[in-house]
Each structure stands twice: as structure tokens, then as C-alpha cells.
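Engineer: With the sequences and hints as input, model every part of the structure.
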Amino acid sequence: MDSKALNSHGRASKNKHRDGRRDTDADWGVKRYEGKRDDGSLWDKLVKWFGYKAHLIVDTKYELPVNYKVTKASKNDSVMLKPMVEDMAKKHLELIERGEELSGDRGYDSKENNELLWKRYGIKPLLDIRDMWKDNEQTKPLYPERADNITYDYKGQLYCHCMESSQVKEMAYMGFEKERESLKYRCPAKAYGIGCKSIGYCGNSEYGRIVRVPLELDRRIFTPIARSSYAWAKKYKRRSAVERVNSRLDVSFGFENHFIRGQAKMEVRIGLAMCVMLALALGSIKNNQAEKMRSLVTSRSRGSPLEAAV
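Taken in order, the sequence shown gives residues 17 to 326; the numbers are from the working numbering.
Hints in this document: simulated from the structure, not taken from any laboratory. Please note that a few of the clues may not be correct.
[To be verified] Across the chosen pairs, the derived CB separations fall in these ranges:
hint: 1; residue 1: A163; residue 2: V267; range: 40 to 46 Å
hint: 2; residue 1: A247; residue 2: T155; range: 19 to 25 Å
hint: 3; residue 1: D234; residue 2: L294; range: 37 to 43 Å
[To be verified] Below are the DSBU-like pairs computed for lysine-lysine, each with C-alpha atoms no more than 35 Å apart in a straight line:
hint: 4; residue 1: K98; residue 2: K308
hint: 5; residue 1: K98; residue 2: K251
hint: 6; residue 1: K206; residue 2: K185
hint: 7; residue 1: K106; residue 2: K52
hint: 8; residue 1: K106; residue 2: K251
hint: 9; residue 1: K156; residue 2: K251
hint: 10; residue 1: K135; residue 2: K200
hint: 11; residue 1: K140; residue 2: K91
hint: 12; residue 1: K61; residue 2: K77
hint: 13; residue 1: K156; residue 2: K200
hint: 14; residue 1: K98; residue 2: K213
hint: 15; residue 1: K127; residue 2: K52
hint: 16; residue 1: K251; residue 2: K185
hint: 17; residue 1: K281; residue 2: K107
hint: 18; residue 1: K47; residue 2: K251
hint: 19; residue 1: K253; residue 2: K150
hint: 20; residue 1: K156; residue 2: K135
hint: 21; residue 1: K106; residue 2: K150
hint: 22; residue 1: K64; residue 2: K185
hint: 23; residue 1: K91; residue 2: K253
hint: 24; residue 1: K88; residue 2: K135
hint: 25; residue 1: K308; residue 2: K85
hint: 26; residue 1: K150; residue 2: K200
hint: 27; residue 1: K107; residue 2: K52
hint: 28; residue 1: K150; residue 2: K127
hint: 29; residue 1: K91; residue 2: K127
hint: 30; residue 1: K47; residue 2: K127
hint: 31; residue 1: K140; residue 2: K106
hint: 32; residue 1: K106; residue 2: K85
hint: 33; residue 1: K47; residue 2: K61
hint: 34; residue 1: K127; residue 2: K200
hint: 35; residue 1: K171; residue 2: K88
Backbone N, C-alpha and C define an ideal beta-carbon position, used for all residues, glycine too.
Structural biologist: Here it is, written out as C-alpha cells:
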């Protein structure tokens, strides 16, 4: 899931009288992009525009839209996840039932969104997280009510602090236990065969100490797919599919430079573009070219996919 800026190319005006030229529905939106360079330094970019937002849910396997909504540019991304997922559940329940994960950037980060996806629909949330800890906290104790050597950070990574040497090691992630609604972690010394001076304090089990973290501890931080796992990183990368759909809207369907005025017209035009994408995919399937269903262009040798769809 992602949102796309739709620049109105009009001017903001206090005069809300509709004359067919000014855009009286649009307003100002702001979006911040952040990342890390190859040298480790951080960068951020602030984008402002006057117009609208297209909120999209995209199938990452086939790079096809499954739901969309156009709002004013100022509309917060986070509040759009719930109504759009509920709308899909109402109109196309089979898509919700087949869906395994839903990914989104940190704009969708909230306890409510994570809880909605997993508890109501059984969809594993892959929503990037914001660092909302105060006072530059790096870690917190997992069991603050007692003396213990297990801590975690804001991304859900668990750490074991050696009570003899004060060395800090990442605990080994062992998977999600659905019946317990918990993430399972194991002693890193036993899991990886590394030395630890205080291993005797954790018991004599050949597996070492086992720690289970219930999702209820913090729904933002702890999710069915652990944020610190390779699986989370791999699945989150699939989110680039929505970026390619955004690019097609700009380049192939002309939304980078347009003369559309008004939210209703914008929503209709976006909807038509989505219909064309789906029609071309259907045509490719009917032409026995399912491998080309993501493409908007194709060879004429086997007929146009749009003709086949019709």
C-alpha cells in the first residue's frame, strides 16, 4: 500500500467559486522521504504539492491495482488503511482471504493498523516503523518488573546482555508461534555456538534460554513476522511493485502533466487508468501470454491484449 502525489498544476485560491478553471477541491500536501546512503550517512527529502493523493493497494506479484481512493493532498496516509481494507473485504472478500501480507511505509505505522490486519483479517502487517521513543532511548528491558538481562529496541530486536562481561548479543529468532501469539527467541550462545561467560546463569538446557514475546506487549513493535528477521526484509522489498504502478500512472497514463480539475474528475480518471491496466492484464492471459500481464506494451504478432480482453 502506498500513496501517490497528484499535482493539480493549478493555483491555490481562497475563492471557492467554481468557474471550471481553478481547482477548488485541491489543497496542499507534504511528504517526507528518508533513506541511507552507501557510506552510511542519512538523507531526507521534503516534497510539497498542491492537488490530491491517490491511495493504492497493489498486488505485488502481478503489479496490478486491487483498490484505490483519491483524496485531498493533506489526507493522512495512516487513516486510509482501515477504510480501504474494509472496502476490499466488503466487495472482494476472496482477495482478503488470499492475501498473506500487506506492506506499507512508516506513514501507515500505528497500533490500530497492525491490529486490524492481523486480528481481524489474518493478514501479516509489514508496516515500517517510526522511532517514537523519547530521550534517545536505545533499548528497553523486556521484563521491567524484575531484574533481567534481556532488552529490545524500537524495531523489535531482542538482545542478551552478558552478566559477566557486559557484552551484548542479538538473540536468535526462532519463528512465530501462532497458537501463542508470540515470537520465539533463543539464547545466541547455544544457537550460534559462540562463547558466553554467563551461560550457566540461564540454565542447563541444550537449547539455552527460550524467550517468548507476546504481540500484545506492543503491536507496533512486535508483529507476526519479526521486524529483525530476514523474512521481513525480503517481503518488504516487494513493496517496490507499487512504485512501478505509480510510475506507469505518471508516464504511460499522463498524470505527470495533466489538466484535470476537481476531485471527482480526478477519481474517475484514476479509475479509468486502473481499468485499462486490468484489461491489458486480462488480454494477456486470454492471449496465452500471462507472463506479460504486467506489461503495458506488447508485440502485435499475437494480437492486442486490449482487443482480447474485449
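Engineer: A separate judgement is required for each hint: does it hold in the structure or not?
Structural biologist: Going down the list of hints, with the structure as the test:
1. A163 x V267: 40 to 46 Å: violated, 59 Å
2. A247 x T155: 19 to 25 Å: holds, 23 Å
3. D234 x L294: 37 to 43 Å: Given range 37 to 43 Å: holds, Cβ gap about 39 Å.
4. K98 x K308: holds, 32 Å
5. K98 x K251: Holds. K98 to K251 sits at ~21 Å (cutoff 35 Å).
6. K206 x K185: holds, 12 Å
7. K106 x K52: violated, 39 Å
8. K106 x K251: At roughly 26 Å apart (the allowed maximum being 35 Å), K251 and K106 satisfy the hint.
9. K156 x K251: holds, 27 Å
10. K135 x K200: holds, 19 Å
11. K140 x K91: holds, 25 Å
12. K61 x K77: holds, 29 Å
13. K156 x K200: holds, 18 Å
14. K98 x K213: violated, 49 Å
15. K127 x K52: Given that 35 Å is the threshold and the Cα spacing comes to 26 Å, the pair holds.
16. K251 x K185: Holds, because 25 Å separates the two Cα atoms, which is no more than 35 Å.
17. K281 x K107: holds, 23 Å
18. K47 x K251: holds, 24 Å
19. K253 x K150: holds, 29 Å
20. K156 x K135: This hinted pair holds, its Cα atoms lying about 26 Å apart.
21. K106 x K150: At roughly 40 Å apart (the allowed maximum being 35 Å), K150 and K106 break the hint.
22. K64 x K185: violated, 42 Å
23. K91 x K253: Status holds; Cα separation ~25 Å.
24. K88 x K135: Cα-Cα ~30 Å, so holds.
25. K308 x K85: Holds. K308 to K85 sits at ~26 Å (cutoff 35 Å).
26. K150 x K200: holds, 27 Å
27. K107 x K52: With a Cα-Cα distance of about 39 Å, the restraint between K107 and K52 is violated, given a limit of 35 Å.
28. K150 x K127: Satisfied, since the Cα-Cα distance of roughly 18 Å is no more than 35 Å.
29. K91 x K127: Distance of about 19 Å is within 35 Å: holds.
30. K47 x K127: holds, 21 Å
31. K140 x K106: Roughly 19 Å separates the two Cα atoms, so the pair holds.
32. K106 x K85: This hinted pair holds, its Cα atoms lying about 15 Å apart.
33. K47 x K61: holds, 8 Å
34. K127 x K200: holds, 21 Å
35. K171 x K88: holds, 31 Å
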